[in-house]
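Visitor: Take these sequences, add in the hints, and give me the full structure.
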Amino acid sequence: MKAYCIAIDVLGRTSAFEAGIDPIVRIEMSRLRSALDSYYEAYGATGGIRVQIPRGSYLTRFYSAGPEETPSEPVIGIAESASTEQEASTAVERGRRLPPTAALCAAAAVAGVCATALFAVWRLLADPVWTEKPIVYVKLEAADAGLVQEASLVRESLVSALSSFQTLSIAEPRYSAARAANRVGHTYEIDNRYYDDSGNRSVWWQVVESRSGDVLKSGLENIGANGRGQSLVVQEAADALARRFAPTRSVINDAELRDSPEDAIGNACILRAEYALEAGGPDQIAASRRCLDATLSRNPRISDATAVLSRILLSDSSATADVAAGIELARKATAEAPLSERAQTALMVAQYATGKKVAAIETGNRAISLNPNSPDATAAFALVLYRSGFGAAGVSMAREATGMSDAAPRDALMVLAFDAYARKQYSEASLLAEQINGRDFSVQVLRTAALGELQSPEAAERLAELRALDPLFERSAEERFAVLPLSDELKAGLAKAGARFASNQLASSENE
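For what it's worth, my numbering labels the leading residue of the sequence shown as 24, then goes sequentially.
Accuracy of the hints is not assured; some may be wrong.
Here are the computed distance ranges between Cβ atoms for each label pair [claimed, not checked]:
#1 R216 / E488: 45 to 55 Å
#2 A168 / N249: 13 to 23 Å
#3 V152 / G71: 53 to 63 Å
#4 K240 / R523: 26 to 36 Å
#5 R523 / G247: 50 to 60 Å
#6 R56 / N245: 49 to 59 Å
#7 R216 / E155: 21 to 31 Å
#8 V33 / R216: 30 to 40 Å
#9 A382 / E64: 40 to 50 Å
#10 R490 / L454: 20 to 30 Å
#11 S419 / Y86: 43 to 53 Å
#12 A168 / E195: 16 to 26 Å
Keep in mind the hints are simulated off the structure, nothing from the lab.
Every residue gets a Cβ at the ideal spot worked out from N, C-alpha and C, and that includes glycine.
Guide: Here it is as structure tokens:
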């Protein structure tokens with residue numbers, strides 16, 4: 024039973040998992056051992072069986088609930104080692120007696136390996152730079168001796184919360200610096216100091232770029248602790264810190280994207296595509312699609328790239344083939360990484376795009392359960408809920424998403440703007456719509472309709488921009504507005520801005 028198998032089959036990591044970089048298996052197994060110890064301390068060995076996972080091993084063992092037994096080391100490991108050594112010795116002897124034909128085959132094999140290596144070097148020089156997830160070291164110290172144990176629990180919970188994002192490679196201090204230097208990207212140190220603040224808790228933090236020593240950002244998180252259990256305080260502290268460091272729009276990923284070459288593929292491409300989903304610009308969407316195609320051409324098993332490409336294709340539903348391809352990619356991503364929040368979010372968007380609202384909501388709940396700290400997944404789920412007719416739930420989740428990040432996610436702002444428009448709070452709707460990145464159809468409709476209801480002189484300018492974006496939107500109103508909530512109300516606002524809908528009598532009468 025290896026850490027790699029547990030990471031892939033149980034914790035949903037991809038085939039690129041490295042136990043030396045990502046300590047999630049050790050952390051979760053340590054928590055499981057502690058949970059078993061606590062259970063037996065409270066309830067004893069129920070059913071006459073005691074379960075143990077000996078330290079230094081991931082193999083589960085079952086014992087009769089009699090006197091404590093000290094399990095002996097398994098003999099199979101020694102036998103396997105001896106057998107392997109014997110086979111190796113035999114292979115060497117065979118190699119010394121290779122007949123001429125076999126020797127020629129061996130020479131041909133060596134030549135093939137050399138040719139493959141030369142081809143790999145040529146690919147490395149010819150292709151765009153490949154980037155990987157940034158390596159992060161997490162350090163958390165207690166300000167006084169009385170908080171040492173609690174600070175240790177916060178660090179463990181923080182590492183677990185960071186791992187749920189799967190945007191960072193979390194390394195232990197003993198991770199080889201030379202190995203890190205060979206990776207394309209950066210390493211970062213997250214330094215935290217845990218304080219008792221008159222019975223409450225405070226965490227001072229800073230993010231340092233390891234090679235340059237530059238402090239990228241620092242801050243202070245305050246956690247209310249009075250009257251609350253330690254587990255709640257620990258989890259809230261870990262969640263608050265994880266939201267600072269791991270989302271797509273966070274200090275580390277911002278720095279990683281800023282310092283990567285514009286034509287880089289791999290992790291930088293995935294981050295750039297997620298930014299394009301926020302901005303909504305057609306040029307950025309098209310560039311992201313090409314970049315993700317190149318990334319998957321180099322390594323087809325990167326589920327994050329597959330999931331984000333699915334959302335890129337579904338963000339522009341004008342081509343039926345792209346929608347079909349986006350749905351297929353979302354299914355592939357969840358098959359490769361069923362416990363990935365990115366993959367589940369892509370599947371949710373794909374299901375909603377095909378009218379499967381109930382399935383989309385179930386998948387959205389699954390995405391949130393996998394990573395409750397993700398502002399992007401929370402915001403995307405909020406929009407699906409709102410468009411599916413669950414307005415109050417969608418608004419509540421959108422407000423939660425805006426509180427998770429310094430930069431409010433686009434989907435959350437969309438929900439809040441739609442809600443303000445539905446409440447006839449047109450000034451609020453206009454203000455929120457102006458904060459949304461991008462100039463795609465739905466955003467332009469919101470902006471223009473809100474200004475039309477306000478009888479603003481800027482409404483005509485916005486309407487001109489909307490017509491430039493889609494010259495036929497007034498003629499194909501039913502088709503274009505079918506996917507938007509509040510379609511009749513929005514068309515009424517557009518009519519007040521000067522739009523003329525040939526097939527919509529309500530909008531025409533409002534315009535007259």
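Visitor: Now tell me, hint by hint, if it's right for this structure.
Guide: Now the hints, each set against the structure:
1. Between R216 and E488 the C-beta distance comes to about 49 Å, which sits within the given range of 45 to 55 Å.
2. The hint said 13 to 23 Å for the Cβ distance between A168 and N249, and at roughly 21 Å that hint holds.
3. Under the hint 53 to 63 Å, the C-beta atoms of V152 and G71, about 60 Å apart, fit the expected range.
4. A hinted range of 26 to 36 Å for the beta carbons of K240 and R523 is inconsistent with their spacing of about 50 Å.
5. In this structure the supplied range 50 to 60 Å holds for R523 paired with G247, their Cβ-Cβ distance being about 56 Å.
6. R56 and N245 have their C-beta atoms about 33 Å apart, which leaves the hinted 49 to 59 Å range violated.
7. Take R216 and E155: their Cβ atoms lie about 29 Å apart, and the range 21 to 31 Å holds.
8. Distance hint for V33 and R216: a CB-CB separation of about 33 Å, consistent with the stated range 30 to 40 Å.
9. For A382 and E64, the Cβ-Cβ distance of about 43 Å falls inside the hinted range of 40 to 50 Å, so the restraint holds.
10. At roughly 23 Å, the beta-carbon separation of R490 and L454 lies within the given 20 to 30 Å, and the hint holds.
11. The given range of 43 to 53 Å is respected by S419 and Y86, whose C-beta atoms sit roughly 48 Å from each other.
12. Range check, A168 to E195: Cβ separation about 24 Å, and the 16 to 26 Å hint holds.
Of the numbered hints stated above, those contradicted by the structure are hints 4, 6, listed in ascending order.
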